[in-house]
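Reminder that position 82 of the sequence shown reads as 275 in the numbering used here, one-by-one numbering, no gaps.
The hints are simulated quantities; they were obtained by calculation from the structure and are not laboratory data. The structure displayed is predicted, hence computed values, not measured ones. Hints are supplied without guarantee of correctness; some may be wrong.
[As the list claims (entries may be wrong)] With a straight-line Cα cutoff of 25 angstroms, these simulated PhoX-like cross-link-like pairs (lysine-lysine) come out:
no.: 1; residue 1: 208; residue 2: 256
no.: 2; residue 1: 208; residue 2: 310
no.: 3; residue 1: 199; residue 2: 256
no.: 4; residue 1: 208; residue 2: 313
no.: 5; residue 1: 256; residue 2: 202
[Said to hold, decoys possible] Here are the computed distance ranges between Cβ atoms for each label pair:
no.: 6; residue 1: 256; residue 2: 316; range: 32 to 40 angstroms
no.: 7; residue 1: 279; residue 2: 254; range: 27 to 35 angstroms
no.: 8; residue 1: 293; residue 2: 238; range: 34 to 42 angstroms
no.: 9; residue 1: 303; residue 2: 276; range: 25 to 33 angstroms
no.: 10; residue 1: 211; residue 2: 293; range: 17 to 25 angstroms
Glycine included, every Cβ here is placed at the ideal spot set by N, Cα and C.
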Amino acid sequence: MVFQSKHVKGIGRGKNLGFPTINLSIPEDLMLEDGIYAAWIDIGGRAYKGALHFGPVPTFGEKESQLEVHLIDVTDDNFPNTDGVDIEVDIVEHIRDIQRFDETVDLIEQIARDVEKVNKILK
194 MVFQSKHVKG
204 IGRGKNLGFP
214 TINLSIPEDL
224 MLEDGIYAAW
234 IDIGGRAYKG
244 ALHFGPVPTF
254 GEKESQLEVH
264 LIDVTDDNFP
274 NTDGVDIEVD
284 IVEHIRDIQR
294 FDETVDLIEQ
304 IARDVEKVNK
314 ILK
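I would like the entire structure built from these sequences, with the hints used as guidance.
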């Protein structure tokens, strides 16, 4: 599944967890089940590996769906400019369902495992 989106402002939680994300607008016609996905993210003609979250964020009590992606192997030094740029998302594989974690450290450990899995899938 491939779709287009735009960067929208987030609250910076991913960065605080050690996994900065790009928050994306949710296309009206998006037919994607809630979950965590391996995805290729095209920004300005450059492809990035991404660990994508779509759905609520139960660990932090958020019931409204969020669409956000962590770009793997991207740091502050090489983070792409996303202002006003079309972002193409190519979903490759569903990794897992969304879970609620009682402790933030458990969430961080799970995200690290997700990123590892995405790296293996998107060789």
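Practice prompt. Could you see if the CB distance from residue 279 to residue 254 stays within 27 to 35 angstroms?
Written response: At 32 angstroms between Cβs, range holds.
Worksheet item: Given the hint that residue 208 pairs with residue 313, does the C-alpha gap stay at or below 25 angstroms?
Response: Holds, at about 23 angstroms.
Item to complete: Sort out whether residue 256 lies within 25 angstroms of residue 208, counting only the CA atoms.
Response: At roughly 21 angstroms apart (the allowed maximum being 25 angstroms), residue 256 and residue 208 satisfy the hint.
Worksheet item: Taking only the CA atoms, is the gap from residue 208 to residue 310 under or equal to 25 angstroms?
Response: The hint holds at about 20 angstroms.
Worksheet entry | Pair hint outcome, residue 199 versus residue 256 [Cα-Cα no greater than 25 angstroms] | The given pair, whose Cα atoms are some 22 angstroms apart, holds under the 25 angstroms limit.
Worksheet item: Quick one, are residue 256 and residue 202 close enough, alpha carbons at most 25 angstroms?
Response: Distance ~18 angstroms between residue 256 and residue 202 Cα, so the pair holds.
Worksheet item: Falls inside 17 to 25 angstroms, the C-beta gap from residue 211 to residue 293?
Response: holds (19 angstroms)
Worksheet item: Taking the beta carbons of residue 293 and residue 238, is their distance inside 34 to 42 angstroms?
Response: The hinted range 34 to 42 angstroms holds for residue 293 and residue 238, with Cβ atoms some 38 angstroms apart.
Worksheet item: Lying within 32 to 40 angstroms: is that true of the beta-carbon distance residue 256 to residue 316?
Response: Taking Cβ atoms as reference, residue 256 and residue 316 lie about 36 angstroms apart, which means the hint holds.
Worksheet entry | Range hint compliance [Cβ, residue 303 to residue 276, 25 to 33 angstroms] | The hinted range 25 to 33 angstroms holds for residue 303 and residue 276, with Cβ atoms some 30 angstroms apart.
When held up to the earlier numbered hints, the structure conflicts with none and fits them all.
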